[in-house]
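Mind assembling these two chains? They're in different frames, but the hints should get you there.
For the protein sequence lines, the chains are A and B, in the order given.
Here the first sequence stands for residues 215 to 508, where the numbers follow this note's numbering.
Here the second sequence stands for residues 55 to 200, where the numbers follow this note's numbering.
Hints in this document: simulated from the structure, not taken from any laboratory.
Hints should not be assumed to be uniformly reliable.
Lysine to aspartate or glutamate pairs mimicking DMTMM-like chemistry, simulated, CA-CA at most 25 Å apart [to be verified]:
#1 B:LYS171 - A:GLU492
#2 B:LYS139 - A:GLU292
#3 B:LYS148 - A:GLU492
#4 B:LYS121 - B:ASP151
#5 B:LYS171 - A:GLU290
#6 A:LYS322 - B:ASP116
#7 A:LYS494 - B:ASP90
#8 A:LYS452 - A:ASP406
#9 A:LYS495 - B:ASP151
#10 A:LYS495 - A:ASP390
#11 B:LYS139 - A:ASP445
#12 A:LYS495 - B:ASP116
#13 A:LYS402 - A:GLU448
#14 A:LYS452 - A:ASP390
#15 B:LYS161 - A:GLU491
#16 B:LYS161 - A:ASP337
#17 B:LYS139 - A:GLU296
#18 B:LYS148 - A:GLU482
#19 B:LYS139 - A:GLU489
#20 B:LYS139 - A:GLU290
#21 B:LYS139 - A:GLU492
#22 B:LYS148 - A:GLU489
#23 A:LYS472 - A:GLU290
#24 B:LYS161 - B:ASP116
#25 A:LYS494 - B:ASP120
#26 B:LYS139 - A:GLU482
#27 A:LYS322 - B:GLU152
#28 B:LYS171 - B:ASP90
#29 A:LYS322 - A:GLU492
#30 A:LYS495 - A:GLU482
#31 A:LYS468 - A:ASP284
#32 B:LYS171 - B:ASP151
#33 B:LYS139 - A:ASP479
#34 B:LYS148 - A:GLU491
#35 A:LYS495 - B:ASP120
#36 B:LYS161 - A:GLU492
#37 A:LYS495 - B:GLU103
#38 B:LYS121 - B:GLU152
#39 A:LYS322 - A:GLU489
#40 A:LYS468 - B:GLU92
Quick caveat: nothing in here was measured; it's all calculated off a predicted structure.
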Amino acid sequence: MVRAARLQLRMLVQSRENRAARNEDSRMTRLPRWLIEAVAMVGLLLGVQAQTTRAQQTQTKKSGPAPRRDMSGIWEVENTIEGISPAGVHSHAPFTAWGANVANNVYKPGDGPRKVPIGNVNDPLDSCDPAGFPRDLLFEFRPFQVVQTANQVLMMYQYQRVWRVIWTDGRELPKDPDPRWYGYSIGKWEDDQTFVVQTSGLDERTWLDNAGDPHSSEMRVEEKYHRVDHDTLEITVKIDDPKTYTAAWLARDKLRLKLLPANTDLMEMICAPSEAEEYKKVIANPATGPTPSK
Amino acid sequence: MRISLLKRPLLVFAAEVCLVSVPVAAWAHHGGANYDMEKQLTMKGTVTEWLWANPHCFMKYDTTDDKGNVAHWAVEVSNPTDMTKRGWSLHTFKPGDEVTVTVRPAKNGAPVGQLLKVVLANGQTLMGWPNGPGGAASTPDAGAKP
Chain A
215 MVRAARLQLR MLVQSRENRA ARNEDSRMTR LPRWLIEAVA MVGLLLGVQA
265 QTTRAQQTQT KKSGPAPRRD MSGIWEVENT IEGISPAGVH SHAPFTAWGA
315 NVANNVYKPG DGPRKVPIGN VNDPLDSCDP AGFPRDLLFE FRPFQVVQTA
365 NQVLMMYQYQ RVWRVIWTDG RELPKDPDPR WYGYSIGKWE DDQTFVVQTS
415 GLDERTWLDN AGDPHSSEMR VEEKYHRVDH DTLEITVKID DPKTYTAAWL
465 ARDKLRLKLL PANTDLMEMI CAPSEAEEYK KVIANPATGP TPSK
Chain B
55 MRISLLKRPL LVFAAEVCLV SVPVAAWAHH GGANYDMEKQ LTMKGTVTEW
105 LWANPHCFMK YDTTDDKGNV AHWAVEVSNP TDMTKRGWSL HTFKPGDEVT
155 VTVRPAKNGA PVGQLLKVVL ANGQTLMGWP NGPGGAASTP DAGAKP
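Pulled out of the complex, with its shape left as it was, chain B reads as follows (with noise of 0.2 Å):
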């Protein structure tokens, strides 16, 4: 009983010391300004392609609505190096796969963002832009740093 009463708040511990420790070495130079750092949005999407690739890794999604209008999505993550520490990988998304996404919008209503989290079919969930939902806004910063 004594363990179960430890249990919850050292999980939620735990996130928090993740949560912190996260390097925030990628996410500083590269495409905030265009983003708005106000809204997330969270959808369910089927991937359609994920690209493992500098300057930034992205992910390609269709989502449907209730009327069957599909839209396609592209959100992008930080640069293989820094997301390999994160525990990401070239293999960590696949056509096909049924995500729930959480995204920072363009603010100019583009279907392009930046990729705050996600969650797999499995229920894993995979934290993207350091932060993630709810964080700092990045530095606003222009394009590309290959």
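The following block holds chain A by itself, in its conformation from the complex (with noise of 0.2 Å):
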């Protein structure tokens, strides 16, 4: 692509040079080079993101067909800041009373509508604790790799280094499960493209995001992934909380995941509690505290 991009710079300038020999246009020749540069500058700029455009277009287009009942793969957020999701969901349901009160007077987010001074932010991730589920899909929703058994599908995060596991041997949740960080998730097909995923059993000490939204031991989620091709897959996230929010919500919608080469190597992104605390001794704390006495 540079090397089209320097062809056609080239040509342009050959092109300029050829006609003011030939004083075929002697306005362009008055011309300060600096302008003709700039103009040629946007012109390529222009250029190139039509080209990308078009070979992201064509890359689409050779995406082949889904295949049947298969989301095996290194899947990873199209837009990555989407899948990071630093300021949080980016609405949710009205908070029940009991969620108003979490969000407001217990939890202390470091972004997001209720955001507080770094000094005073309590997330829990701050000290390592779990992100849990479904926040390992709310926030920081890094590449991830799936892997289908034959009663099993799991899902592998590389941030935190997670894995789940859900069930696809027509087993029901548990009724009345002590509350795991993760859950308990069980998952079934409901057309050769589409997975349905169901979790309960939801430890309540987890952020659903990096906003501080709360959620409550007796959450359900819902995942829906859709294969839309060969290359793309559609995550829908549904919350339904009746303790936390008022009707159930969508925390993800038709969020777009792209196929990873087979050979790509996740790396680690794990949170060690001692890197964390030299982080917050040496950088956080200094830049948080008052001016330091000279």
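The following block contains the structure:
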């Protein structure tokens, strides 16, 4: 692409010089060189962008059809910032009284509409507590690998290097389970391209997102994975927690994921308490505290 | 001659493309609120430690003023996953390296900040915190989310 851009620019400059040599356009020769180059650069940038778009479209067109009942592979959110969601979910159903109390008086997030100064943040992630489910889908949703076995779908996440087991053997969700950070999950194929997961038994110490949106242990979460084509998956996440929210709502709505090459080597993103503590001591706390005396 | 005419803007163009295409995955959720988004400092220093860690990598270095006073600085960049994509590594710095750094300092005057750019002794320039000097400010946010 850069070679093509260089060629375009070379041709443009050559063309200008040829015309000047032939005195075909005397006004052109009086234009300052910097202006011509600037205009050329703008054109080039637009051209490169167009080429990129065309390349992406071509790439999309190349994707084959979705395989039947298969979502194995390494997936990444197409829009990485949307996957990370630093400010939390875009919107949610209104809080119940219980939910509002937790959100406004207990949780002190570092981002979103109820953001507090850094020194007052009590986000459990700051001390390396588990993100839990479904926060792992609503904050720092980095690449993850899906492995399918005869009776399970395993989801292995880069962020915090954790995995979930989704049972596909036809079992029911447990009645009145002891809460877990990542709950209990069962899944089934709704059709050949759509896998639906139900999760319950979630530990309510975890937050939903980076904005400190709470949930209770009564929450049920539904994930719907729809394989659009071979290289594209869409995820929709529905939160149903009547103790915290007055209605069910979508925390992710057809968020697009792209298939990464099978040989992608995912890095670790592990919260080591000692490293987190060092970061706080060396960077976060000095930057937060009062002005040091000279 | 024509080629040299082309080289300069193409280099500028290449630099612009690099800046524009830098992934902004990491900067958006850690620690922007405590830094002075309107201020940048450039200084020479000697690396004392380079930590390749979550939630953010950071470098410690010392500066010495005209009177011989030594200041101990600590400046952060993003996490190893994101910095790897930008060409950084565990071995990017070692104690004793002479560097020229541009930082966005803390509002409170403490010798900490976001590392925007570093020039190594061999002249190589590394871009640190996404957007770099003169770039858009990061989203104000809370502390460590490893």
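Hint check results:
{"no.": "1", "hint": "B:LYS171 - A:GLU492", "verdict": "holds, 23 Å"}
{"no.": "2", "hint": "B:LYS139 - A:GLU292", "verdict": "holds, 16 Å"}
{"no.": "3", "hint": "B:LYS148 - A:GLU492", "verdict": "holds, 18 Å"}
{"no.": "4", "hint": "B:LYS121 - B:ASP151", "verdict": "holds, 22 Å"}
{"no.": "5", "hint": "B:LYS171 - A:GLU290", "verdict": "violated, 29 Å"}
{"no.": "6", "hint": "A:LYS322 - B:ASP116", "verdict": "violated, 35 Å"}
{"no.": "7", "hint": "A:LYS494 - B:ASP90", "verdict": "holds, 19 Å"}
{"no.": "8", "hint": "A:LYS452 - A:ASP406", "verdict": "holds, 21 Å"}
{"no.": "9", "hint": "A:LYS495 - B:ASP151", "verdict": "holds, 23 Å"}
{"no.": "10", "hint": "A:LYS495 - A:ASP390", "verdict": "violated, 42 Å"}
{"no.": "11", "hint": "B:LYS139 - A:ASP445", "verdict": "holds, 22 Å"}
{"no.": "12", "hint": "A:LYS495 - B:ASP116", "verdict": "holds, 18 Å"}
{"no.": "13", "hint": "A:LYS402 - A:GLU448", "verdict": "holds, 16 Å"}
{"no.": "14", "hint": "A:LYS452 - A:ASP390", "verdict": "holds, 21 Å"}
{"no.": "15", "hint": "B:LYS161 - A:GLU491", "verdict": "holds, 22 Å"}
{"no.": "16", "hint": "B:LYS161 - A:ASP337", "verdict": "holds, 23 Å"}
{"no.": "17", "hint": "B:LYS139 - A:GLU296", "verdict": "holds, 18 Å"}
{"no.": "18", "hint": "B:LYS148 - A:GLU482", "verdict": "holds, 22 Å"}
{"no.": "19", "hint": "B:LYS139 - A:GLU489", "verdict": "holds, 21 Å"}
{"no.": "20", "hint": "B:LYS139 - A:GLU290", "verdict": "holds, 15 Å"}
{"no.": "21", "hint": "B:LYS139 - A:GLU492", "verdict": "holds, 24 Å"}
{"no.": "22", "hint": "B:LYS148 - A:GLU489", "verdict": "holds, 18 Å"}
{"no.": "23", "hint": "A:LYS472 - A:GLU290", "verdict": "holds, 5 Å"}
{"no.": "24", "hint": "B:LYS161 - B:ASP116", "verdict": "holds, 20 Å"}
{"no.": "25", "hint": "A:LYS494 - B:ASP120", "verdict": "violated, 31 Å"}
{"no.": "26", "hint": "B:LYS139 - A:GLU482", "verdict": "holds, 14 Å"}
{"no.": "27", "hint": "A:LYS322 - B:GLU152", "verdict": "violated, 41 Å"}
{"no.": "28", "hint": "B:LYS171 - B:ASP90", "verdict": "holds, 16 Å"}
{"no.": "29", "hint": "A:LYS322 - A:GLU492", "verdict": "holds, 22 Å"}
{"no.": "30", "hint": "A:LYS495 - A:GLU482", "verdict": "holds, 23 Å"}
{"no.": "31", "hint": "A:LYS468 - A:ASP284", "verdict": "holds, 18 Å"}
{"no.": "32", "hint": "B:LYS171 - B:ASP151", "verdict": "holds, 15 Å"}
{"no.": "33", "hint": "B:LYS139 - A:ASP479", "verdict": "holds, 13 Å"}
{"no.": "34", "hint": "B:LYS148 - A:GLU491", "verdict": "holds, 22 Å"}
{"no.": "35", "hint": "A:LYS495 - B:ASP120", "verdict": "violated, 29 Å"}
{"no.": "36", "hint": "B:LYS161 - A:GLU492", "verdict": "holds, 21 Å"}
{"no.": "37", "hint": "A:LYS495 - B:GLU103", "verdict": "holds, 15 Å"}
{"no.": "38", "hint": "B:LYS121 - B:GLU152", "verdict": "holds, 19 Å"}
{"no.": "39", "hint": "A:LYS322 - A:GLU489", "verdict": "holds, 23 Å"}
{"no.": "40", "hint": "A:LYS468 - B:GLU92", "verdict": "violated, 38 Å"}
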